[in-house]
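Under the working numbering, the residue at position 30 of the sequence shown is numbered 30, and the numbers go up by one with no gaps.
Be a bit skeptical, because a hint or two may be false.
[Claimed, not checked] Think about it this way: if two alpha-carbon atoms lie no more than 16 Å apart in a straight line, the pair counts; the simulated EDC-like pairs of lysine to aspartate or glutamate are:
#: 1; residue 1: K38; residue 2: D75
#: 2; residue 1: K5; residue 2: E64
#: 3; residue 1: K54; residue 2: D41
#: 4; residue 1: K58; residue 2: E13
#: 5; residue 1: K12; residue 2: D74
#: 6; residue 1: K42; residue 2: D75
#: 7; residue 1: K38; residue 2: E64
#: 8; residue 1: K58; residue 2: D41
#: 9; residue 1: K5; residue 2: E17
#: 10; residue 1: K54; residue 2: E17
Note that these hints are calculated values from the structure, not bench results. Keep in mind it's a predicted model, so treat the numbers as computed, not measured.
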Amino acid sequence: MNTIKLYGALGKEFGTEHRFQIASTAEALQALAANFPKFSDKLRGGFFRVVNGKSAAKGFGLDETTILQRPLGDDTLHIVPVQKGSKRGFGKVLAGILLIGLVVSGMPSWPLVSDRAAP
Numbered sequence: 001m002n003t004i005k006l007y008g009a010l011g012k013e014f015g016t017e018h019r020f021q022i023a024s025t026a027e028a029l030q031a032l033a034a035n036f037p038k039f040s041d042k043l044r045g046g047f048f049r050v051v052n053g054k055s056a057a058k059g060f061g062l063d064e065t066t067i068l069q070r071p072l073g074d075d076t077l078h079i080v081p082v083q084k085g086s087k088r089g090f091g092k093v094l095a096g097i098l099l100i101g102l103v104v105s106g107m108p109s110w111p112l113v114s115d116r117a118a119p
């Protein structure tokens with residue numbers, strides 16, 4: 001089981017801590033969206049730091065590439081809203097629309113290899 005921690009307005013509306021059997025950030029976002037129908041709407045238009053690690057301040061900040069490639073392992077996933085124009089200087093900032101894309105696409109955290117022939 002992995003822990004997902006939500007901060008700021010996300011934590012206030014949906015709860016600050018959730019546990020799911022997941023292997024990737026995409027699965028974490030899909031689990032949250034499945035349990036909270038308004039979750040994707042709250043991501044839209046926002047900016048977030050997504051961090052994999054024991055704490056939001058010291059974990060590995062995910063970017064648009066590593067969010068697809070890095071497995072969660074046993075670490076906690078932190079989703080931290082960032083104010084537009086914030087100069088806080090730590091971590092990568094991702095647009096909420098990118099995170100919604102992971103929810104909608106059902107994209108796994110690693111490239112898939114198929115044994116089927118291409119059409």
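Hint by hint, here is what the structure shows:
For the hint pairing K38 with D75, the CA-to-CA distance comes to about 26 Å; that exceeds 16 Å, so the pair is violated. Distance hint between K5 and E64 is unfulfilled; the C-alpha atoms sit about 20 Å from each other, more than 16 Å. The suggested pairing of K54 with D41 is violated, with an alpha-carbon distance near 27 Å, which exceeds 16 Å. Taking the CA atoms of K58 and E13, the gap is near 25 Å; set against the 16 Å cutoff, the hint is violated.
Proposed proximity of K12 and D74 is contradicted: the alpha carbons are some 25 Å apart, above 16 Å. Simply put, K42 and D75 have alpha-carbon atoms about 24 Å apart, too far for the 16 Å limit, and the pair is violated. With a C-alpha separation of about 23 Å, the suggested pairing of K38 with E64 is violated against the 16 Å cut-off. Note on K58 and D41: the hinted pairing is violated, with a Cα-Cα distance of about 28 Å set against a maximum of 16 Å.
Simply put, K5 and E17 have alpha-carbon atoms about 5 Å apart, close enough for the 16 Å limit, and the pair holds. Using a Cα cut-off of 16 Å, the hinted pair K54 and E17 holds, with the two alpha carbons roughly 13 Å apart.
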